[in-house]
Amino acid sequence: MNVATDMRDLSIAGLSVSGGAGPIVRDVTLSVRPGQPLTLLGESGSGKSLVAQAVMGSLPPGLTASGHIRLAGTDLLAAPAAVRRKGWGRTISLLPQEPWLALDPTMRIAGQVAEVHRFVHGRSAQESRLRAEENLAEVGLDRAGTLYPFQMSGGMCQRAAIAITHASDSALLIADEPTKGLDAALRDGVVERLKQEIAAGRLVFTITHDVAVAGALGGMIGVMLDGRLVDYGPAEEVLSAPTHPYTKALLAADPATWQRRVPTQAGAPVVTGRALAKAYGGRSLFEGLDIEVSAGEIVAVVGPSGCGKTTLGNILLGLAPAGSGTVERQGGVPPVRFQKLYQDPPAAFAPHQTIRRALADLVGLHGLSWGKAEALIARLRLGEHLLDRRPGEISGGELQRFALARGLLLDPVFLFADEATSRLDPVSQKEVVELLLEIVRDTGLAVLLVTHDGALADKIADRAVLLDRPAAWVSRRACDALTTGLAPCF
Amino acid sequence: MRRFLLARLAQAGLVALVVGTLSFALMRALPGDAAMRIAAGRYGPDAMTGQAADKVRLELGLDRPWPAQFLDWLETLARLDLGHSLVTGAPVIEELKVQLGASLWLAAAALLISLAIGPVAGVLAGLRPTGWADRLGLAASVSLRAVPPFVLGLVLILVFAIWLGWLPPAGFGTARDLVLPALTLALGLAAVSSRVTRDAVAAVARAPHFAFARHKGLPEAVVVRRHGLRNAAIPVVSYLGLQAIYLVEGVVVVESLFAYPGIGHALVHAIVERDIPMVQGTALAMGLIFVAVTACVDAASAWLDPRLRSAR
Amino acid sequence: MRIAWFLAAALAALSTAVAAKPLKVVGPWEIAGVDPAQSGYVFSRLQVAETLVTADTSGRLVPALAAAWSVSDDGLVWRFTLRPDAVFHDGTPVTAEAATASLERARAGVGVLTQVPIAGIAGDGRDVVIRLDKPFAALPAYLVNFSAIILAPSSYDDAGKVSRIVGSGPYKVKSLTPPLKLELEASRGWWGGEPGIAEVSYLAVGQGETRALMAESGEADLVFSMLPVSVERLRRNGKLDVQIATIPRTRILKVNAGSPFFDDAKVRQAVSQAIDRAGIAKVILRNPDLAATQLFPPALAGWHVPDLAPLGRDLEAAKRLLAEAGWKPGSDGILERDGRRFSVTLVTYANWPELPPIATALQAQLREVGIEVKVSVGNSSEIPSRHRDGTLEMGLVSRLYSIVPDPIGTLLQDYGPGGSDWGAMGWSNEELPALVGRLVGMSDPGARAPLQRRAVEILQEELPSIPVTWSELAIVASKRITGVKVDPLEVNYGLAAVRWAE
Amino acid sequence: MSTGLDVLTASRPRAVTARGAGAALIAALAAFTILGPLVIEVDPAAQDLSASLAPVGGDYLLGADHYGRSLLARLAHGARLSFGMAFLTMLTAAVPGILLGLVAAWRGGLAERAFELLANIVLALPGLMLVLLLLAFAPGHFGPLYLGLALTLWVEFYRVTRATTTSLLKEPHVEAAKLLGFGPAYILRCHVLPVIAPLIATLAAFAMATAIIAISTLSAISVGLQPPTPELGSMIVELLPYYAEAPLHVLAPAVLIVLLVLGLQLVARGEGR
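Residue numbers (the numbering used here), protein chains in the order written: chain Y, 1 to 490; chain D, 1001 to 1312; chain H, 2001 to 2502; chain R, 3001 to 3273.
Please keep in mind that the hints were generated in silico from the structure rather than gathered at the bench.
Just so you know, not all the hints are guaranteed correct.
[What the hints assert, rightly or not] Cross-link-like lysine to any residue pairs, in silico, SDA-like; alpha carbons within 20 Å at most:
(1) Lys3178(R) <-> Leu365(Y)
(2) Lys2239(H) <-> Ala1133(D)
(3) Lys372(Y) <-> Gly3181(R)
(4) Lys86(Y) <-> Glu98(Y)
(5) Lys2266(H) <-> Arg2367(H)
(6) Lys2485(H) <-> Trp2500(H)
(7) Lys1055(D) <-> Ser2420(H)
(8) Lys3178(R) <-> Arg260(Y)
(9) Lys2282(H) <-> Ala3051(R)
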């Protein structure tokens, strides 16, 4: 129980968050000091976000926090909601996750920065604009002020968000999953920025499930599991000598720590693409690309998001037409034996259907036996009780395993895993990957593994295709923005 | 932009042709003796007789084959002339000027008032879904939606003209004549637009960028104004477009209740009295208005939503 | 807040509106077009245009533009002498030529003049001379009709069509917004003197309810043709003054006497006896006295026969008559005769709001004697067109007998050989046309009386069309004005005589 | 996100109760509509001019109209007719609207273009004109009346269906279903319909209201149904002149319409949120 001595600290003592169903977060005690950032690790649903929201004072309706949260000596929890909100943007500022969604799609970036000066700090329109330019310059977006979010890359959006927190220049900065959805290169960029904040003497409180980020930031690390703080201490201690089993698992789950998979001797080619080319929006994604995936082999396609990895996979699967070039699939194999694993598991299931129903229909469609399904479910270590839930009610890891089971029911010869683990918690990512490898070994399945995680590819793939076109960013972001908006994408 | 305009013009032309032809065909296909209808329209039941009808038939050459009559229409149309009303004998364009003009004024006023009611109520409801404002809004909208406009109009007349004596129950020409019929229509519109707005706002309020705007520390009013309204307006605008069209033509009862010289009233008479040029002219005008309105809506949405701009 | 703005604007407008004070007249009639045959009655009633001859409230013919008239002994040549002081609104004097031109147009067009055996019309100094093919005593009455209004030459365009109304009445057109609005201003130099109120604005309001509300709200000074339902309410209103006149208009059941249903006078009498006129008059017209005991209302002196056996309800008699005619109740209570059900369609129209309700009532009442009636509310032209192709079985029509002040005109048209659009159908009777024919030539009331009585008796027995109710015209005047008098013939509303009350 | 789920579960009961209330309301109306005419043996067209505008609660339970016809009987029959027609109209509009919408979204290309054009033309045609013209073919008959209304109403169903389905078909779970070998029928049934159903329900609710109001509106300009047909809208019109003497009589049919729309709305919202 180290209660803050320094008036500038953030100290959380005995924090619990409870909803109608009872406590969700129990007795969490942490503190953040200048130059000593705090990083909370944990899988989604572990309650780490709730802790952040409790500090922010933005808990969802129906949830209440108890305990003490002292910032600059005052107990935040004691203050009424209205007063706490006054603190937003002044004493506490938030670095949102997936900033390309957190920025107003209909407003130019400069405006979104300037309005903090204008309406939070009550500066003149003129001055606000100038300061906004400075803030943008600080993060290297000097010329981006007139852009709309959908015209910017994820990295630019992320930097814009940081510029906004600069504008509010508050004592405490809460970074909520700041690297979610970013690939390795951008992730490191964000970490750098956060380090600068720390150096600038701000209190930085980061929420993430990415051990690498936690390690890079240093300071204190807390590990949360099921609403409890199971491990807490200086970064190097926690990372080098984890005490709690979950922490161990978490660290072990980082692909960087895995040992490399021994390449199997490849069987007959299952899918072959020759001289493939694809352009989108008049700009070529790739040209003259030859690729071959053989039975029992894992071929990784690596590159930043938007470089055309997924498109390549879809071309090989026959979901998208190739601009030019030819695709050959193993003769005599029915199309249903070429399957795909999706990046976002919930989006890959009909939202209104229970898992059981989905699988039963599939079994029925292809005249298989339910026993086979049950066997697979058991093999993928999935509980029977999950069958009667809807996709929205199951954790991403479990759901991804169901997706795998669903595909395996049809004895696929080829599986296109499209960022299949990028949205999963490290632990469940590891589980899924291990299962996948097992199946490859046993069934000689050919896998096309699309990922932006170089480490992962490096560890499990026999071969890797590198597609590197950062320039491809703009269009992809534009597309994201569009699909979230009104107009259809392509 | 230029291509956009050209496309619109093409669409306008197409609509004009199709609508005109369709209305002509339908009118021709109608049962009953047109001359009789026209005569009744002209001379009223007291003076109307079979002989009168014969005179009309002769005068208008109604017994000519229909292709000839249609070609006439096309030819005059090519000269941007809509012909003359068979009943009043006045040029259709003149009639439209008065009646369509009046309707447009009425529609504009109604839309304005409904904007002051519907979206406002919608925003209040949408910011706190299932709050009291939302429930109240739902109740109001449902009851307004389910009461025939003429009943609504009558109630308004009783309140504002008889009890309060502020406004005239009927008539046209001055602003005060416009208020009651416009209000009657506006309430009906607001009933729906408030719900559309509510859903739009509720959707925006759920969006992460809205939450972030709050977390930035902006005052609630600013959050709503700068990050709520514009975004919510995007779907609402395209809905209001449709409403505007419904307005211009869907008001016949209000017109007759308030003795307001609108296009709906004219259309009813024209059809009952088999006044083909009038029907065609009206349909044509309505079609063009539709094209114009949709063009405006597109422009407005593009202005509201930069993503659409870049998409075009 | 926009509403607030509107109200502000409204109140502002209100104050200004009070300042300039036109006499606000509201009526149901829309102004379809400026052609006299189409909407001459509006201009005649509002005293914009005048006819040669007009009628006073009792229906007597009195001089208008023609100061006097005379007929040659053979009854073939009529002379109408124009008053010397009459001028058109464009300042030009009312000349015989102008009058002749207007009358010729009326004759060539659609209107009552087409029924007059006119050989030719000519101007002779200040006289308009009308030559006839055969004597026609009712000619002056025909000239009262609005289609015979006299317009200035400047009213016509090059094609000879009426483009604007330049009349000779006390009021001239200030602005016309068809079909709803007409604004008038006093025309200096009317032979009758200055009108009491300088400006008149007429607004056509189709909805009866709205008209009543206009009167109640004080927005209108003079409102014509009230719905019966509103009359009671308005009577109780201290600021208003309700006047009622019975007008020579009768709502009749036009039956196809040529059809197998109504070819027997017994059936027509039965139908007549099945009708609960008193009930209809009381409930729908709110005035029991309007139950039509005979074709012509009491107001039509000479044509109303007080001691005639009144038409009334007697279900038993009705059933008996139908039985005598061979109609026997079928299984479902609907009458049948050699396999044909007594099921007919009653065609009516909504130009007069009371017609559909009356039709509905008749439907229910005829059902009681086993006659099935399908009501079809359509366009008024259905009656003439179905009369023509003979498909009309029953029609409920509202027939005006003062199209010319003397009903003889209408009678001549309706019950002549072969009947007519609005009159008898498939009904022939030698005696009536003869009577009417003789009446046309006669002008001495004493001599006409017995013939008129006989004619009415025939119609009463034969019932070629079955009278249902008479009509009345309810006019509401605000107490702000005085001098309003109701014209049962609706020729002219005498607005010029109206004054602001002190 | 766990918190997200909490919020959902928190709001779910409300939706359910709203839905229950709506369902109950509709059930009650349906009972009145279906049983009413059977139970109340009074002929809705039987007149008794002596009982004109009899007050509510006298020897006529809900009073009598201006002809002295039992309002209760007329309401029962009127409700049956109005709701029946409204439902029929809604169906006639919804079924093709939805089908075309699905086809446009599924096939895209030429079909979509053609349907879009069609929809635009229908929108460009004054709806009132369409209805009036069709009515003019057979004045006072149900057929053209409800056909005309349906013709003007289907577009809304089409547009919503098409828009939603188009974006839906881009979703991974649809692509997955295709890869797994499921046919269009299955995808429509299990992936598309569940999503568009609530939207359609809301539209349907409003469409039915629109239909009833439209019918009454047409009666108001006396081109609607023919007397003595009891139909809620035209009942209001018929009784309107008597509003001063018998306001309750005028309101009664209006109340029925309000209840229906309210019921449909509540159900639709329950489905939606």
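The hints, checked one at a time:
{"no.": "1", "hint": "Lys3178(R) <-> Leu365(Y)", "in the structure": "12 Å, holds"}
{"no.": "2", "hint": "Lys2239(H) <-> Ala1133(D)", "in the structure": "43 Å, violated"}
{"no.": "3", "hint": "Lys372(Y) <-> Gly3181(R)", "in the structure": "18 Å, holds"}
{"no.": "4", "hint": "Lys86(Y) <-> Glu98(Y)", "in the structure": "25 Å, violated"}
{"no.": "5", "hint": "Lys2266(H) <-> Arg2367(H)", "in the structure": "17 Å, holds"}
{"no.": "6", "hint": "Lys2485(H) <-> Trp2500(H)", "in the structure": "14 Å, holds"}
{"no.": "7", "hint": "Lys1055(D) <-> Ser2420(H)", "in the structure": "17 Å, holds"}
{"no.": "8", "hint": "Lys3178(R) <-> Arg260(Y)", "in the structure": "35 Å, violated"}
{"no.": "9", "hint": "Lys2282(H) <-> Ala3051(R)", "in the structure": "12 Å, holds"}
The structure fails to meet hints 2, 4, 8 from the earlier list, while all remaining hints are met.
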